[in-house]
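Enquirer: First to last, the protein sequences are chains A and B. Numbering-wise, this note's numbering puts 77 at position 77 of the first sequence, and it's gapless, one number per residue. Numbering-wise, this note's numbering puts 92 at position 92 of the second sequence, and it's gapless, one number per residue.
Read the hints as simulated data drawn from the structure, not as lab findings. Computed from a predicted model, the values in this text were never measured in an experiment. All residues carry an ideal CB built from backbone N, CA and C; glycine is no exception. One should not assume that every hint holds.
What the hints assert, rightly or not - Now the stretches of chain B that chain A is said to cover, found in silico as 3 or more residues with beta-carbon under 8 Å:
#1 115-121
#2 141-148
#3 164-172
Claimed, not checked - With a Cα cut of at most 25 Å, we get these calculated DSS-like pairs of lysine-lysine:
#4 A:197 - B:93
#5 B:29 - B:55
#6 B:124 - A:135
#7 A:30 - B:35
#8 A:116 - A:282
#9 B:156 - A:30
#10 A:247 - B:156
#11 B:29 - B:108
#12 A:174 - B:139
#13 A:30 - B:40
As the list claims (entries may be wrong) - Quick list of the computed label-pair ranges, beta carbon to beta carbon:
#14 B:150 - A:127: 28 to 34 Å
#15 A:139 - B:107: 47 to 53 Å
#16 A:95 - B:127: 40 to 46 Å
#17 B:148 - A:57: 54 to 60 Å
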Amino acid sequence: MAKLNFAYAIIFYLLFPAFLNAQPSDDWIKENFVVEVHTVDDFIERFNGDVDQRVRDQWFKLFDKKDISRKDILYSLFNLRSADWSEAQVETFINQAIDRECPAFLDFEGDEWYAKVNCKVQFQGKNYLTDLVLKVRKDPASGGLEWVIVSMLHSGVFAELCQEPFPYAKANRKLFLSPMSHGANFSSLKRAFEDEKNFSDCMELKSRNPLLNTLAWEVYLGNMTLMRINSIEFHFFQVPGWVFVVKQVPREDFNTGWLISELYPAVGPELAKYKLISLNIK
Amino acid sequence: MRLRILPITLICLFSWAAAYGQCDGKPPKTEEYSKQALQKTTYLSSYIQIICDNKSTIIKASNAVDLACKLFLDEDRIVQVSSSNNKAVREYKVRHYFEHLKLLGYTKVEIVWVEVGYVSQLRKGVDGNFYGVITIKQKFTGYKDDLPAYQDITEKHIEVVLKQVEVAQAGNSLRCWDVLLGDINVEETWQN
Chain A
1 MAKLNFAYAI IFYLLFPAFL NAQPSDDWIK ENFVVEVHTV DDFIERFNGD
51 VDQRVRDQWF KLFDKKDISR KDILYSLFNL RSADWSEAQV ETFINQAIDR
101 ECPAFLDFEG DEWYAKVNCK VQFQGKNYLT DLVLKVRKDP ASGGLEWVIV
151 SMLHSGVFAE LCQEPFPYAK ANRKLFLSPM SHGANFSSLK RAFEDEKNFS
201 DCMELKSRNP LLNTLAWEVY LGNMTLMRIN SIEFHFFQVP GWVFVVKQVP
251 REDFNTGWLI SELYPAVGPE LAKYKLISLN IK
Chain B
1 MRLRILPITL ICLFSWAAAY GQCDGKPPKT EEYSKQALQK TTYLSSYIQI
51 ICDNKSTIIK ASNAVDLACK LFLDEDRIVQ VSSSNNKAVR EYKVRHYFEH
101 LKLLGYTKVE IVWVEVGYVS QLRKGVDGNF YGVITIKQKF TGYKDDLPAY
151 QDITEKHIEV VLKQVEVAQA GNSLRCWDVL LGDINVEETW QN
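Chain A on its own, in the form it takes in the complex (with noise of 0.2 Å):
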């Protein structure tokens, strides 16, 4: 119980200068700011140790400490208001991630990891919402990374799919989605719906889901607007045997910004039930 220390203490600061509609002090905003996970890339650097020392500094004015372990780290990238989880469980995977014999890292080249986008788009004149996938995928031939969409959740827009196969492979891509879309909220697909002609650039070329082929045709065809981007969260399975979500906690206090608001340990079936569900991933 001990080990969880940092933890309550960061709860002990999550209670201590909420204000209502008060201006808050400049000090306090940089504070709070200098400690928020604020984009994917600041969690991925997190979660491998990678801390800059503004951060650091200022956990060790907040908790009195002289220094902040991995494991410290780790404790600060759970939502800690969250309650989907137990404390043993939450401690199994930090002791998996930090063994010094096969430590686990992430990597935001490397597969097995995804972005789940809830937009609201708008087909044929009716309003629906519905979930596209998103993977960062790196060119062999330039190392160029981009995201590009691998699938799609149903959500009852298609009332039946195209069975024609969408003319995917073009020799001259003319669109595609930055490596660092995440980081404005996928603004990026906003405007590759709006250039339908060239939309399908930004999927998954080997892709054969039905459910992407149909959406490659209707943004072709006109019938598709993305409304809305309503919210991400990035799905990691890169730790062996865990499965963890990674939502943004938009709060004024020291446990904000992207956290890990989800954790189930799973394996082998599991994990696969878990991809086709949550994800649409085979």
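Position chain B relative to chain A; hints supplied.
Expert: For chain B alone, kept in the frame of chain A given last:
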């Protein structure tokens, strides 16, 4: 009149001086890009102050809109505005966003940088450009008749694009990295 155009002229001169950073043909360095990207966001804040100030003449405000748009990769970049108190998300193409700011009708505007939160590492895109994200916190105060009429604190996530351009210098052609702004996500975290 001369005094009125001085701020814009100075920003233009500084923008020009800092327009191109690294010209050694190597991949861009993070320190260099972060310095330049933060400089461009400072220019953006200065242009916004001019655009919002209803004492700015129509010409001066329009010039500021044009110059602000030139800080971006192109005018298709999107500014997404959301509030922690309100789930509605507003999205504007950059020029539309600046035109919208023009209509706010403040007699004076102050934009104060509170902190730079995060400067990401650069990632190479499939187009050969490099991409990064910076996160800053700013305090905005809009005055009407010298009294604060509106205040907010926003967190801005700004995509930054580094593009190689040919620059002629002393008869030679150099390939330099130009730092441009991409999509911006503005989140209002507090307002009064």
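Enquirer: Hints first: check each against the structure and report whether it holds.
Expert: Status of each hint after checking the structure:
| no. | hint | result |
| --- | --- | --- |
| 1 | 115-121 | holds (count 5) |
| 2 | 141-148 | violated (count 0) |
| 3 | 164-172 | violated (count 0) |
| 4 | A:197 - B:93 | holds (20 Å) |
| 5 | B:29 - B:55 | violated (41 Å) |
| 6 | B:124 - A:135 | holds (16 Å) |
| 7 | A:30 - B:35 | holds (20 Å) |
| 8 | A:116 - A:282 | holds (15 Å) |
| 9 | B:156 - A:30 | holds (14 Å) |
| 10 | A:247 - B:156 | holds (18 Å) |
| 11 | B:29 - B:108 | violated (38 Å) |
| 12 | A:174 - B:139 | violated (38 Å) |
| 13 | A:30 - B:40 | holds (21 Å) |
| 14 | B:150 - A:127: 28 to 34 Å | holds (32 Å) |
| 15 | A:139 - B:107: 47 to 53 Å | holds (52 Å) |
| 16 | A:95 - B:127: 40 to 46 Å | holds (42 Å) |
| 17 | B:148 - A:57: 54 to 60 Å | violated (33 Å) |
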